[in-house]
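Just so you know, the sequences run in chain order A and B. All residue numbers for the first sequence refer to our numbering, where the first residue is -10 and numbers rise by one. All residue numbers for the second sequence refer to our numbering, where the first residue is 237 and numbers rise by one.
Honestly, the hints are just simulated from the structure, not real lab data. Treat each hint with caution, since some may be false.
Said to hold, decoys possible - Restricting the straight-line Cα-Cα distance to at most 20 Å, the calculated cross-link-like pairs of lysine to any residue (SDA-like) are:
#: 1; chain 1: A; residue 1: Lys35; chain 2: B; residue 2: Phe329
#: 2; chain 1: A; residue 1: Lys121; chain 2: B; residue 2: Asn309
#: 3; chain 1: A; residue 1: Lys114; chain 2: A; residue 2: Glu95
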Amino acid sequence: MEQKTKINALEGKQELFITRDFDLPVELVYKAYTEAAFVSQWMGTKVIKLENRNHGSYVFETSHEGKVMFKANGTIHKLIPNQEMVRTFEMENMPIGVQLEFLNFEKVTEDKSKLTIQIIYKSEKHRAEQLKLPFAYGLNMAHSKLQEILEPKI
Amino acid sequence: MKLRRDVFQAIADPTRRTIITLVAASAMTPSAIAENFDYSRQTISKHIQILTECELLKQEQKGREIYYELNPNGMRQIADFIEPFRKMWDDRFNTLEELMKSKVHEHKK
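Take these sequences, add in the hints, and give me the full structure.
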C-alpha cells in the first residue's frame, strides 16, 4: 500500500520534505494548523499563543506532572489561507536549532488534499539531530523492552 | 572496552561516505580504496577502521589480502533511521485526519 506520509531527506543536504495526502478538504487541513483548539489536539501540546497573521508568533508547551517537558516557539512569516504558510520553528533546549518551514496546502479534489512541508535546518548536522530524535527514542523503547524481558531472569 | 561509535557520526564525514560508495560497487583492499584519495594510507586506514567499528564495513580474507565490503546489517540500520521520524509524523497526521473528519459535516453546511 502506498504510504500516506513520506519523508524525503537527501544525503548531504540540510533540508527535508514531508508530504502527506489527506482525505480532507484543504480548508480543514489549514484549519487544523491555524485554530489553537485543533493544533493542541493533534499535536498533543498546549497552545500558549498562536497569532495567525504575517509576523505573528506562536508558543507551544507540554507539561507532565507540573513540569514543562517540551516548549516550542516560532514566528509566522507569511500566511495565505488554504494555500501557504511560511514560519520558523524552534524546540527550546534542543541541539536542533531554529528551522525554517514552508508549508504548502494543496487542493486535490473537493475532499482530498495534499500537504508538503519543506524544512530547512541550520546545517546538515542540525538536520541529523532532528532525525535522530525519534530514532533514539525508538532505540530506548527497544532497550527497555529488552530489559523487561531479561530482568526477571537476572 | 572499546567505545561504541556513533553510526551517524560515521556517515557525517564526506570521506567515509565516499568509501562506502566505493566499496558498495565491489569489495576492495585498503590500498585500492586509498588510491582514490589524496590522503595518506594511514588517514584512509583510520576511516576504514571507524567504518568497521560501526559495522558499516566488514573484512574478508581472500588469500593474503584483506578485502572490505559493505555490512548489510549496519547499512540497514541507516536505511531504517528515517522510519521512526516518518512514523512520528504519520501518527500525528492520522490524528489530524481523524479529528478533522468529524468536522467535514460542519464544513459542508
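Each hint tested on the structure:
1. Lys35/A / Phe329/B: holds, 17 Å
2. Lys121/A / Asn309/B: holds, 18 Å
3. Lys114/A / Glu95/A: violated, 31 Å
Hint 3 from the list above is the single one not met by this structure.
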